[in-house]
Amino acid sequence: MRAIETTDLVKKYGELTALGGVSLDVPEGEFFGLLGPNGAGKTTLIRILTTLLKPTAGAARVMGHDVVKENALVRALIGVVPQAMTSDLDLTGYETMDIYARFYGMHRKERGGRIDELLDMVGLKDRAKDLVATYSGGMRRRLEIARGLVHKPAVLILDEPTIGLDPQSRHVVWELLERFRNADKLTILLTTHYMEEAESLCDRVAIIDYGKIVALDTVPGLKKQIPQKDSIELGVTGVDMERAVEWAKKLSGVTTASYRESTLLVSADHGAEAIPAIVEGLRGMGGRVARVMLKEQTLEDVFIHYTGRPIREEEAKKVSFLLGAGVPTKWGK
Amino acid sequence: MHRFLAILERDLRKFIRNPLVVAMSLLMPIIYLVILGNSFQGELKNLPVAVVDLDGGPYSEKVMELFRAVEAGPATLDIMQVADQGFAMEGLREGVFKAVVVIPGGFSRDVMRRNLSEIGLYLDNAETISALTIRASITGALSALKDEFVSIREERAQMRLRDIELYKKIDYDQTLIPGVVIMAIFLGAMTTGAFNMVMDKFLGVEESYFLTPLSKTDIVMGLIASGLLITTFLALIVLFVGSLISGLFFWGGISFGAFVLMLAVIILSTLGLQGLMFMIMGRINHPRIVGVLGGFLNVILFFPSGAIYPIESFPGWLKAFAFVNPETYSVHAMRALLFKSAGLQAVQGDIAFLAVFALISVLLGMLVFKRAL
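Heads up: the protein sequence lines correspond to chains A and B, in order. Counting in the numbering used here, the first sequence runs from 1 upward without gaps. Counting in the numbering used here, the second sequence runs from 1001 upward without gaps.
Please note that a few of the clues may not be correct.
[Unchecked claim] In the DSSO-like style, the derived pairs of lysine-lysine whose C-alpha atoms are separated by at most 30 Å in a straight line are:
#	chain 1	residue 1	chain 2	residue 2
1	A	LYS152	B	LYS1014
2	A	LYS54	B	LYS1370
3	B	LYS1216	A	LYS152
4	B	LYS1201	A	LYS129
5	B	LYS1201	B	LYS1216
6	A	LYS69	B	LYS1201
7	B	LYS1216	A	LYS54
8	A	LYS109	A	LYS185
9	A	LYS152	B	LYS1370
10	A	LYS109	B	LYS1216
The hints are simulated quantities; they were obtained by calculation from the structure and are not laboratory data. Given the structure is predicted, the values throughout are model-derived calculations rather than measurements.
Please construct the entire structure, taking both the sequences and the accompanying hints into account.
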């Protein structure tokens, strides 16, 4: 069965199209990443999948249930970690978990064991009786992940779960997600704009921009699709650079070669593997290789390739004329 | 069923973790009782009045004596004899005196000759209530002079008005208790229930509730139930403490049945106001708006409720508002139960109105509430 399935999902806010026809298939057990710049439509898509927003057109199903017609069923099957911190500061960690478990109709016996287990896994067992107000940002996020899992959902949906966390906390969250995924055969959908997050966690990644999916594949698959490859820079002396370039272009796996003063620039599919042959060849020509630098192609290159370099002019948030900046009327970021 | 109880528990836990708010919710109505009870004393006292005696005859002396008697007795007036009329009038304009009495030259002669004798009374009628009191007090004092004067001539059967109080002596502070209790209920309704929802929206926490299987009814019911519990608790404490401060000690005076009815009135009033708050705040997402609305609602519901001034004296349009104001019925019922040893018969109308109001407002409140971001 498909854990998540959307067909031509459209969401419009008046003139503005936040989602312009998104079709996705996420099989059960997959760790799926949704990548995109700010304002690309990630949160809008998440909010439709989590029944908070109704699509303007198209359909979305979670574990086979329509998110509009069977929204109550869908809510019971998903666990969600929203982008903003949404835990009550005036409750303790344990109370937060317990009250949430009751929202899902879990009985006392069921709850106790599950909560202890989860709090232990996210490393908050010792702080369970402290108010959430005393937690750090990372602890609060871990609690919210545990909260999203309290009812053993089939699908866990996280909207930029590591935003605003320090590198240590971020790595802890990644480890947790890996562990939960393996332990519960969970399907996980995660939005992020941290490339290394998607690269290290996700089975498949969709890049979304201007409300449309512009690329969808595994991380290696995505890398293959773009012309930019690994690039190698070699500082060389004692050879004719023109000759070296001509020679390098003939090597297998090398796509382009050029030079700038005494630096030879080579693009290759697998840079690390190409380096020994290039260095040996240059030596054979009587050259001396002073330094080698390899820049491997990253998901960021893929991301920039598909979404472009310019900084986005984000759509101005709506602010009430009558109330001022008290609360901007937010919609999908 | 379990689900709305979880919301209820959440709110109760959050409430007890804010002891300052608990203390404020209790103290404010009680301080209100103390301040209102002492500033709006039932009868006015020590109103400064200047007397200018231009006559200096035996009857003007007599008038002065009568005024002094008022000063010494009920102490309504604070008499100050002033020689210069111009100085007295200046004092009246400046607010030093609330009134100036001028006894004209030839007053004693006119009285003796049984001509028309007049005393001038200048009132600061910018202060209506003290002006009315002074006029009544001075007229009363002078009537004694007239009686004495007349009584020499002829004996007449006198008509006298003697107050007969229907209920045992009630102090002004004590009559305020129903108003103070309804104010505690209002403040409770304002800061629990719907307000928690506004705060959840403001802090962005509500998103996490909407993501769970909680239904709209679960959420509204949970919030109203917690508000009802907290507010009833606050109102009862305010009732006890207010009663203690004003020396009413109602527990000695009312039956168990009357106390149960009192509880019913408090619960129904709370429910009605909770529902009303949901109707008004259901779509609000900023506590600042609640602050502005709160002060306004308190005034427009509290003052026309009859808690401090009788409804009968209102102009027609305000009477009409008082007629639909739930606080009017709460105050009426509580007053009847506390002071008149009334039973169900006397308050069943109030209870019926409050019950219908509660039902309608809670239903409408639920309609207004949107389970969406």
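Here is what the structure says about each hint:
Using a Cα cut-off of 30 Å, the hinted pair A:LYS152 and B:LYS1014 holds, with the two alpha carbons roughly 27 Å apart. Annotation: proposed proximity of A:LYS54 to B:LYS1370 holds, straight-line Cα distance about 14 Å (limit 30 Å). A C-alpha spacing of about 23 Å is found between B:LYS1216 and A:LYS152, which places the hinted pair at or below 30 Å, so the restraint holds. Our distance criterion of 30 Å between C-alpha atoms is met by B:LYS1201 and A:LYS129, whose separation comes to about 26 Å.
Taking the CA atoms of B:LYS1201 and B:LYS1216, the gap is near 15 Å; set against the 30 Å cutoff, the hint holds. Annotation: proposed proximity of A:LYS69 to B:LYS1201 holds, straight-line Cα distance about 25 Å (limit 30 Å). Pair hint B:LYS1216 plus A:LYS54 holds up; C-alpha atoms about 17 Å apart against a cutoff of 30 Å. Among the hinted pairs, A:LYS109 with A:LYS185 is consistent with the structure: their alpha-carbon atoms are about 23 Å apart, no more than 30 Å.
Only pairs whose Cα atoms come within 30 Å are accepted, and A:LYS152 paired with B:LYS1370 is accepted, the gap being roughly 28 Å. Under the criterion of a C-alpha separation no larger than 30 Å, the hint pairing A:LYS109 with B:LYS1216 is consistent with the structure, at around 27 Å.
The structure shown violates none of the earlier numbered hints.
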